[in-house]
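2 protein chains.
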Amino acid sequence: METLVAVGGGAAGMSASSRARRLKPDMEIVVFESTKMVSHAPCGIPYFVEGLFNDENLFMTYTPQFFEEKRKIHVKTNTKVTEIDFDSRIVYGESREGKIKAEYDYLVISTGAIPRKIPVEDGNDRIFYAHHPANAVELRERLWSLNTIAIVGGGILGIEMAEALTHIGKKVILIHRSKYLLNKTIDTELGNIITQRVSKDAEVRLNESVETIKEGGRLIVTDKGKYQVDGTIIAIGVAPNVELVKDKIKLGETGAIKVDDHMRTNYREVYSAGDNTESVNIITKKPAWVPFAPVANKMGYVAGSNIGGHEMRFPGVVNTQITKYKEFYIGRVGLQEDEARLHGFKPISATISGKTRARYYPDAKDIHVKIIADENTKRILGAQIVGGEEVLGRIDMMAAAIMKGFTIEDTFFIEMGYLPAISRVWDPVIVAIRQLMKDE
Amino acid sequence: METLVAVGGGAAGMSASSRARRLKPDMEIVVFESTKMVSHAPCGIPYFVEGLFNDENLFMTYTPQFFEEKRKIHVKTNTKVTEIDFDSRIVYGESREGKIKAEYDYLVISTGAIPRKIPVEDGNDRIFYAHHPANAVELRERLWSLNTIAIVGGGILGIEMAEALTHIGKKVILIHRSKYLLNKTIDTELGNIITQRVSKDAEVRLNESVETIKEGGRLIVTDKGKYQVDGTIIAIGVAPNVELVKDKIKLGETGAIKVDDHMRTNYREVYSAGDNTESVNIITKKPAWVPFAPVANKMGYVAGSNIGGHEMRFPGVVNTQITKYKEFYIGRVGLQEDEARLHGFKPISATISGKTRARYYPDAKDIHVKIIADENTKRILGAQIVGGEEVLGRIDMMAAAIMKGFTIEDTFFIEMGYLPAISRVWDPVIVAIRQLMKDE
Chain X
1 METLVAVGGG AAGMSASSRA RRLKPDMEIV VFESTKMVSH APCGIPYFVE GLFNDENLFM
61 TYTPQFFEEK RKIHVKTNTK VTEIDFDSRI VYGESREGKI KAEYDYLVIS TGAIPRKIPV
121 EDGNDRIFYA HHPANAVELR ERLWSLNTIA IVGGGILGIE MAEALTHIGK KVILIHRSKY
181 LLNKTIDTEL GNIITQRVSK DAEVRLNESV ETIKEGGRLI VTDKGKYQVD GTIIAIGVAP
241 NVELVKDKIK LGETGAIKVD DHMRTNYREV YSAGDNTESV NIITKKPAWV PFAPVANKMG
301 YVAGSNIGGH EMRFPGVVNT QITKYKEFYI GRVGLQEDEA RLHGFKPISA TISGKTRARY
361 YPDAKDIHVK IIADENTKRI LGAQIVGGEE VLGRIDMMAA AIMKGFTIED TFFIEMGYLP
421 AISRVWDPVI VAIRQLMKDE
Chain P
1 METLVAVGGG AAGMSASSRA RRLKPDMEIV VFESTKMVSH APCGIPYFVE GLFNDENLFM
61 TYTPQFFEEK RKIHVKTNTK VTEIDFDSRI VYGESREGKI KAEYDYLVIS TGAIPRKIPV
121 EDGNDRIFYA HHPANAVELR ERLWSLNTIA IVGGGILGIE MAEALTHIGK KVILIHRSKY
181 LLNKTIDTEL GNIITQRVSK DAEVRLNESV ETIKEGGRLI VTDKGKYQVD GTIIAIGVAP
241 NVELVKDKIK LGETGAIKVD DHMRTNYREV YSAGDNTESV NIITKKPAWV PFAPVANKMG
301 YVAGSNIGGH EMRFPGVVNT QITKYKEFYI GRVGLQEDEA RLHGFKPISA TISGKTRARY
361 YPDAKDIHVK IIADENTKRI LGAQIVGGEE VLGRIDMMAA AIMKGFTIED TFFIEMGYLP
421 AISRVWDPVI VAIRQLMKDE
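Protein chains in written order, with UniProt numbering: chain X, 1 to 440; chain P, 1 to 440.
One chain only, chain X, in its complex shape:
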């Protein structure tokens, strides 16, 4: 009987296992997961900290019991894989019950990502990472006991934690290296809007680099000053978790595991999927690394399909990102303008501000749209939206457009729906597109 082993029970590992199970009902499938949770994703941690829900089991899409009973997938939680012998096809590990060993015919590496760290001095008992839901209960208890909290890093996690903590009345100091928040998600025009908004609730320190953190997390030393706080959240991004395999498996230039479009590594029977795995950017055709749950799930689905004997190719990524801060939703897809230039495109862009509803319909929200296209080919390269409602769907639409190489004019002709209660007859996206068409 064939055996599939997955190392890591997050989104990608469980998605791969579930898909393989559907296609091969008799396969032996074992998932090793180092924490107590499976099919988990960190996206919910800020909302847990905010107090929007209290049951940590809700972090899991399905429980280990569900996978065991409904899908006959053996889930070994609290089991850390310590070594993989790729030549003999054996996984070694440790659980509470002792050492484990498992042979495989197919392997899925789905070890996810780990938070990037900052040099610290004098311990780390007040340094926090909002990374794994298995630690969310303790994280929340600790954070709730503090008054002034520093967040290092003004990316997606940083502003989501700022939203959560200011909402529950904490004093937040947000220290960010760049000149505006979310600079790896959106460009200056829209980033400034969010930076101003966050600054109403939190002390935002821009253009400032943390040099070290002392007193276990209570003293932050930057290139511009010192901050005395009760605790510090590090939110400077994540890195592919490849420690276990990095000397044995081929990595890509992003540092994540290199795979072909079947999600196969340099070992034919070894697949990799999720936040530890490199992909290809559909626009630039260059290696890309997009550590978000929907991509992880689909990578897992593709790996599981191929293991299950149904050939499937992963087409690459367009780097869709979406977050929110209080009344604003913030989304992007494709390349930012500088990124586009860096990749040899000649970007042109239009940024417009509008409203989300017909001029006569009450409670319209502000919406800001930036569209980036290539001057030579007229292809859409990127879209960024900050607004009060219906941001996600517009970003999703632009994701579809960018994936298939829509031009400016193609996008103009997308037959977007019009309902006065929720949109404008000339949709803000189309208004931006029209600006790009103006001089034609």
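Hints in this document: simulated from the structure, not taken from any laboratory. Keep in mind that this is a model prediction, so the values were computed, not measured. Some hints here could point you the wrong way.
Same chains, same label: a pair holds when it works inside one copy or across any pair of copies.
[Stated by the list, open to error] With a Cα cut of at most 35 Å, we get these calculated DSBU-like pairs of lysine-lysine:
#1 Lys355 - Lys72
#2 Lys226 - Lys24
#3 Lys365 - Lys438
#4 Lys24 - Lys378
#5 Lys258 - Lys438
#6 Lys355 - Lys184
#7 Lys378 - Lys70
#8 Lys285 - Lys72
#9 Lys70 - Lys404
#10 Lys365 - Lys72
#11 Lys36 - Lys438
#12 Lys72 - Lys184
#13 Lys214 - Lys250
#14 Lys184 - Lys326
#15 Lys184 - Lys80
#16 Lys355 - Lys24
#17 Lys80 - Lys438
#18 Lys70 - Lys438
#19 Lys70 - Lys346
#20 Lys404 - Lys184
#21 Lys365 - Lys184
#22 Lys250 - Lys438
#23 Lys355 - Lys36
#24 Lys101 - Lys438
#25 Lys184 - Lys24
Since the structure of chain X is provided, determine the placement of chain P on it from the hints.
Frame of chain X; chain P shown alone:
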């Protein structure tokens, strides 16, 4: 000097004129509009009746003064065109000041649509059409003075008027010919959800045809019974308004004016755009007629571009529709399942019910998604969504997908964003798509 004349100052006429003006700054441009309003659309009438706004000028995107002053477009309101001499290129009409006559080099016919009617006996003083914003003030005054109101027709306008009238406490009897409401927008599975919802507020009579209306609108006689009401709204759809030109200009099989992809009629210098104009369905490649404001605007834009010397082609329509009823948004794009069969496709479909937010995020709404694809080519043929939030954007995304011939698998790989506050890691659309992929 060249002269452009537009007959009809709605969305299409003003869009064509504005685009031509931008491209030809010196052109003489005159718009004849039979009512007092321009760049109007009827979409807002139900909300005006509901009392969500009170200023009728808000129906206009821009006022006649704006066009006159900012765009140097001569807008002649309250001016009815009575005849067009296509050989001599002269438009004749009547205004309050007397007869008018205008020669043209280019003509845009943008006469819009008119409501379909029902045979009546004994006058029509209590029969209402919620069609033109120029009559909205009077319409609202009349409706507000009545208690029990019948609506004939359970399409988009019918349910929007039902929403408005039940919201302000009127007793509504909604009489519909088909077995569920919105049957020309969505299929049975989703249509039943809306039908049940509307039935909570209004008396919904299905499978019932109106034979005549008597007593000026106070007695409705159907094939199943009689209803005594205070007034009747007719909402059984619209027809292309081609009375003025039908004997002189080539019409298409839908009854609307036939144009090429430049929006040109059988006269080289005569264009047609908007609800009076036929288009092509991108999926079936057959003639189609989609009388909605965004399409009208884009048709006008294309006509104006071509008149202005910038060649542009209208790619056709995918029939995007969106409406709402109380807490539900209702959208569709592409073909319904029966429509697909009728056009020679072999439709397969998946209908799923889900939630709009991560399982741990509060206040998730219900959402129901139906996706239709062709079994042979795997192309997506249609999408229908009924749900509590973010319906429009998903429909817009599917509009983009359908326009460019996305397959089931292409759609699976659209990198939809995931934010727990407003979506699911496996988006409901992707869940439906996965069902369609299941047996592959």
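Okay, the hints, checked on the actual structure:
In this homomeric assembly, Lys355 and Lys72 come within 35 Å of each other (Cα to Cα) only across copies, at 26 Å, whereas the closest approach inside a single copy is 50 Å. Taking CA atoms no more than 35 Å apart as the test, Lys226 paired with Lys24 passes in neither setting, with 58 Å inside one copy and 62 Å between copies. Taking CA atoms no more than 35 Å apart as the test, Lys365 paired with Lys438 passes inside one copy only; the shortest distance there is 26 Å, against 40 Å between copies. In this assembly of identical chains, Lys24 and Lys378 lie within 35 Å of each other by CA distance solely across copies; the values are 24 Å between and 45 Å within a copy.
Taking identical chains as interchangeable, the C-alpha atoms of Lys258 and Lys438 lie at most 35 Å apart only when they sit on different chains, with a minimum of 28 Å there against 42 Å within one chain. Taking the closest pair of Cα atoms, Lys355 and Lys184 come within 35 Å of each other both inside a single copy (25 Å) and across two copies (30 Å). When the C-alpha separation of Lys378 and Lys70 is checked against a cutoff of 35 Å, the pair qualifies only between copies, where the shortest distance is 30 Å, while the shortest distance within a copy is 49 Å. Taking the shortest alpha-carbon separations for Lys285 and Lys72, neither the intra-copy value of 38 Å nor the inter-copy value of 48 Å comes in at or below 35 Å.
When the C-alpha separation of Lys70 and Lys404 is checked against a cutoff of 35 Å, the pair qualifies neither within a copy, at 37 Å, nor between copies, at 38 Å. When the C-alpha separation of Lys365 and Lys72 is checked against a cutoff of 35 Å, the pair qualifies only between copies, where the shortest distance is 32 Å, while the shortest distance within a copy is 48 Å. In this homomeric assembly, Lys36 and Lys438 come within 35 Å of each other (Cα to Cα) only across copies, at 30 Å, whereas the closest approach inside a single copy is 56 Å. Neither within a single protomer nor between protomers do Lys72 and Lys184 lie at most 35 Å apart by alpha-carbon distance, with minima of 41 Å and 44 Å respectively.
For the identical chains of this complex, Lys214 and Lys250 are neighbours neither inside a copy (37 Å) nor across copies (81 Å), given an alpha-carbon limit of 35 Å. With identical chains, the CA atoms of Lys184 and Lys326 are at most 35 Å apart within one copy only, with a shortest distance of 20 Å there and 39 Å across copies. With identical chains, the CA atoms of Lys184 and Lys80 are at most 35 Å apart within one copy only, with a shortest distance of 33 Å there and 56 Å across copies. Taking the closest pair of Cα atoms, Lys355 and Lys24 come within 35 Å of each other only across two copies (30 Å); inside a single copy the shortest separation is 51 Å, beyond that limit.
In this assembly of identical chains, the alpha carbons of Lys80 and Lys438 lie at most 35 Å apart only when taken from different copies (33 Å versus 58 Å within one copy). Taking the closest pair of Cα atoms, Lys70 and Lys438 come within 35 Å of each other only across two copies (17 Å); inside a single copy the shortest separation is 57 Å, beyond that limit. Only between protomers do Lys70 and Lys346 lie at most 35 Å apart by alpha-carbon distance; the minimum there is 33 Å, versus 52 Å within a single protomer. Taking the shortest Cα distances, Lys404 and Lys184 sit within 35 Å of each other both inside one copy (23 Å) and across copies (30 Å).
For the identical chains of this complex, Lys365 and Lys184 are neighbours both inside a copy (25 Å) and across copies (31 Å), given an alpha-carbon limit of 35 Å. In this assembly of identical chains, the alpha carbons of Lys250 and Lys438 lie at most 35 Å apart only when taken from different copies (32 Å versus 48 Å within one copy). Proximity of Lys355 and Lys36 under a CA criterion of 35 Å is satisfied inter-copy only: 26 Å between copies versus 45 Å inside one chain copy. In this assembly of identical chains, the alpha carbons of Lys101 and Lys438 lie at most 35 Å apart only when taken from different copies (33 Å versus 65 Å within one copy).
In the homo-oligomer, the alpha carbons of Lys184 and Lys24 never lie at most 35 Å apart, since the shortest distance is 41 Å inside one protomer and 42 Å across protomers.
Going through the hint list in order, the structure does not satisfy hints 2, 8, 9, 12, 13, 25.
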